[in-house]
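Residue numbers (the working numbering), protein chains in the order written: chain U, 1 to 339; chain B, 1 to 506; chain X, 1 to 338.
Don't read these hints as lab results, they were simulated from the structure. Mixed in with the good hints, there may be bad ones.
To be verified - Straight line, CA to CA, 30 Å or less: simulated DSBU-like cross-link-like pairs of lysine-lysine:
hint: 1; chain 1: B; residue 1: K30; chain 2: B; residue 2: K162
hint: 2; chain 1: X; residue 1: K324; chain 2: B; residue 2: K264
hint: 3; chain 1: B; residue 1: K189; chain 2: B; residue 2: K219
hint: 4; chain 1: B; residue 1: K269; chain 2: X; residue 2: K324
Said to hold, decoys possible - If we take Cβ atoms under 8 Å as the criterion, some of the chain B residues that face chain U in the derived model are:
hint: 5; residue: N67
hint: 6; residue: L69
hint: 7; residue: P337
hint: 8; residue: G344
hint: 9; residue: F346
hint: 10; residue: T358
hint: 11; residue: K361
hint: 12; residue: N362
hint: 13; residue: L369
hint: 14; residue: L370
On a predicted model such as this, the values are computed, not experimentally measured, just so you know. The beta carbon of each residue, even a glycine, is placed where N, CA and C say it ideally should be.
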Amino acid sequence: MKIPFFKFKEPKNKYLFIIMMLTILIMLVMLPDIFLSQVNIRSMASQFPEFGFLALAMMLAMITGGIDLSVVATANFTGVIAALILTKGPEAGMSPILAIVLAIASVIALAIPCGLINGILIAFVGVPPILATLGTQGLFLGLATVITKGLSIANFPNQFLFIGSGYLFGVPFVFILFLIGTIVVALILGRTQQGFSMYMIGSNPTVARYSGVNNSKIIIKTYVITAILAAVSSIIMISRANSMRPGYGSSYLLQAILVVVLGGADPDGGFGNIPGLLMAIVMLQVTQSGLNILAFSPFVRKFIWGFALLLVMTINFTAQQYGDYKRVKKMRQIATTTT
Amino acid sequence: MEDVFLEARNISKTFVGVKALDDVDLTIGKGEIHCLIGENGSGKSTLIKIIGGIHKADSGTIAIDGNVLSGKDAIESIRAGVQIIYQDLSLFPNLTVAENISINQMLETNQQFVNWKKVRETAKRALSEIGEDIDIDERVENLSVAKKQIIAISRALTQNAKLIIMDEATSAITSEEVKHLFTIILKLKERGIATLFVSHKLSEVFEIAENITILRDGKLLGVYPSHEVNEERLAYIMTGLNLKSEPYVYEATKFSETPLLEVKNLTKKGQYNDVSFHIKPGEIVGVIGLIGSGRTEVVESIFGIDQPDSGSIYVRGEEVAIRNPRDAMRHGIAFLPEDRLTQGLFDVQSIGNNIVITVIKNFLKRSKLLDLPKKKNCEVEWVQKLAIKTPTPKNPANSLSGGNQQRVVIAKWLATDPKVFILDGPTIGIDIGSKHTIHEIIRDLARQGMGILIISDEAQEILDNCNRGIVMSNGRIIREFSDSRTIGVDELLDIVARRVESGAGA
Amino acid sequence: MNIKRFFKRSESYVLLIIILFSAFITIINPAFLTLENLFDLLRSSSGTAILAIGVFLVLISGGVDVSCTTIAIVGQYVSVNLMIRAGIDSIWFIFGLSAFIGIVLGAINAVFVSLFKLPTLIVTLGTSSLYHGAMLEFFGTRAVNVGDLPQSVKSFGTFNVLTLPRADGTTYGLSIFFVILVALLIITYFVLKFTMVGRGIYAIGGNLEAAKRAGFNTRKTHFFIYTYAGFLAGIMGVIHLSLIRYSNPNYIVGTELGVIAAVVLGGARISGGTGTLTGTMLGVILITLLEKNLIMIGLSTYWQQFFIGVVLILGVSITYLQAKFQDGGRTIIVKDEE
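Just chain U, same shape as in the assembly (with noise of 0.2 Å):
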């Protein structure tokens, strides 16, 4: 699928394109040499990859008209597993590839469970999505802080933290990661039935069904398929902090549905894209990185993000409202006029 750069299919992501070169323009007024710097943008190349599979995995529920609040969580649980292999395996002798074969894969195989739960949860017992996965969050998350008894897990083999701050022909391991990651949801979202299901699903779940739609099996996959991305996010997560405890990253799973919402996506359903999404990542990392270099507090960033927010989706919402207007209105008169 090729990203086109100035031809937008969605509309919001014209307005959502400018704003983000605006604010790499700031960026770049403000620091005119640090920023471009090959420091800098390999800094931020490896910086929002973890963050970066959180958000798609948002995005995905968030197009069923759902929403996963689990994630973090399941990185966290699954996050823990990886690192006790990768810590008591090479103690009990394991060669350190084999550990960490053996920590990746069963990251992806536990992952599979985690988001069944979910979907089962949602598909077959009805449970709203908010609800089920606020649940499944104080699960996985209290299992890994069971295991951990709260503390953190350290010191990885050293190949494992490849992972982490390596490089692949000068790029950043991860940033490589998390391209091969876009595609493939980009793969599944826009040329797949499973992605094209889980848009007709989040528009109306009983027009879906009436049309034969698999409506379990859809939501199901997808809910697998985000506890998946946010297994990867785990291991990226370990890997670069040579470390794990409960409750690391915790601040993500705000800043994926806000990142997510700037995306362009509907929290109601049915709407949600890539570029738009991946926009939104750029936006929110440059604006990190160019208040870290010029020494403003994280929580400047933080008062940033909350009122980008809500610009966007009040500017979103006044757009939408006139082009609303004047568009349904014209139609609708000439076609039908019902109550």
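Position chains B and X against the provided structure of chain U, taking the given hints into account.
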């Protein structure tokens, strides 16, 4: 002699270049039961909203009890005694009956505090004014639509209504409940309260109206005392067409005798009982019956939305189990649901996406990825085949008129190449011109060998388009006619309505 | 209330579980069922209960408020700092200031929800980030220790309305926090049941369109809900401060999902329109019991979150399975309504 309560003269209203109302008059006497008829798009809704003060007319005057309305807000009309009961009834499902009935009045008197004793008294009094008795402590969401309607009417009474406008009040209630509603309207009349009954169901109009005003395309066609016209004449006035079109002829010899679909003894407690019928290739079978007769429930069971408790379904002679819509689709069954907007169409999604949703699997390449050009071609193909009025399949479905939207739903099902096509109310909410086209499409499909089932409220539609039919009431089949030409509209309507009295239970 | 109606209500089930759980704990550890323990429980959970009232109001109106905890800590931290700087040692002052801050912040929420009609979950996510970031930036991150805390706050924390002696001559008592909670409950109950504003909250949650048509000033109602919720959060902030005698600007934040869980367990529906104060309080009691008493049955505190998650999942599963079967199994997966 009745005095005039509401007099609307020369009402015109334009919305963004479209004239919704063009020089329309409406006169309602005190205590009169007046019906306002028109298809969707006739301007009914706009006229109501102008009377209610929600919109302001561009020109013309409305006088209530001699006083001219300024049209500035809804409160003015409410104070003049006008109450509108919208189709969705505007009730609070989470509040009690008592509170729902009393709430408007409480708001009007601008009170800050709630006197529950008074709330209950007000509610009880309003209910008794129309001779009704409902548990006022029950939560409204637990009640049937008919009971909710009664609550809405009672609520209107608490604000000294002198004219109650009921917008499409009978679309979701059973025939017995309709009768009950009519007795309430008569009681209102006894109290000097006029009713403006807005509907598109001609058969019901005659039961209750004293005078009938007909609108079409925003213009006033005429006002008729109900005893001076009948349904056929009304239909003629409304459509300008002589509705005696050629009935559909089933050429039995052209196709095989094996039924494409056969159901035997389908039963589901509380919904339908011992239903059996079949559809052969080339046939258009009609099912008629008022709401509550079980007709939609039966076909939803055939389509897999629900399951029957007992009975069997055969497709082309073989018994099948249908547990969900996918199973039904696999056996070549297509289903166009009754409620287009909540069951049939993704209104915010594109027309193209709406069309391909049923056949998305067909565009998967070996890599499990979608062949997007193939998908797009399919979309364009169907837009053309069914002459859907849109410049591009990318436009959202809600940009289309009702008739075009229905074509999208039909397209999505035709794309599955079905053998049996069940259409539940295919022409509801569609203008006359589109209705005709859709009937043509359906007939063409049958002529090519598809087996069609149409469910409808309208006797004329069934008799014109089906070669035979089934009448359902209270969950059972009460009558079948094997040749539409042998039965007349009036007779059919009698059958549909009469059986209800003897109450054949489900 | 007859038996049949009693069992239809979800609050009844919560009560049952509370009773059973309490009995279970008492068997294992008889020290549970003492007045002293009860008073202690009330003292430490009154604050959360007050927050829950605000969350409950928002939930009934059909929204989800995740900014309540942020408003609480902002109210607390800002007012305690100002109090110290200004040298004013009055409990009324800090309560007043914190409540005022809460009201202002709540009003901002109301503007976005009511005027711009934005979904409340997103709005409150944004505003919590906004408020917290602003506070940390302008007021710093230095915690206020018990040593710097004004005396009035410290005394308030230990103030008991009812004092009873222990065997060794020391005393314990019913904290004033509980009194505040009860007072607020009474006021809220009165507003909800006997004022049009209160009925408006239920009306909006039940059917927003109908509320507008009926003549409710939905803007006014929204403003009331969010400013009141902000007010409650402000009060909670000060109570929390005097309870733990420590003001860390990163505390409280993060517990909002637990409060929501408590409210939901108490029977309030996430879609709005349904729920009772009683249920909310029962939900808080249940969560508090779980949080505080796992130790008593031999499980370390690490299990806390896990068990709360399990209880929440079980609780909502039962509720929604019930609804599904009443529907005849025709419920389609419903999207969250904000």
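Evaluated hints:
| no. | hint | verdict |
| --- | --- | --- |
| 1 | K30/B - K162/B | holds (8 Å) |
| 2 | K324/X - K264/B | holds (29 Å) |
| 3 | K189/B - K219/B | holds (28 Å) |
| 4 | K269/B - K324/X | holds (18 Å) |
| 5 | N67 | violated (27 Å) |
| 6 | L69 | violated (21 Å) |
| 7 | P337 | holds (5 Å) |
| 8 | G344 | holds (6 Å) |
| 9 | F346 | holds (4 Å) |
| 10 | T358 | holds (5 Å) |
| 11 | K361 | holds (6 Å) |
| 12 | N362 | violated (10 Å) |
| 13 | L369 | holds (4 Å) |
| 14 | L370 | holds (5 Å) |
In summary, the numbered hints that this structure violates are 5, 6 and 12.
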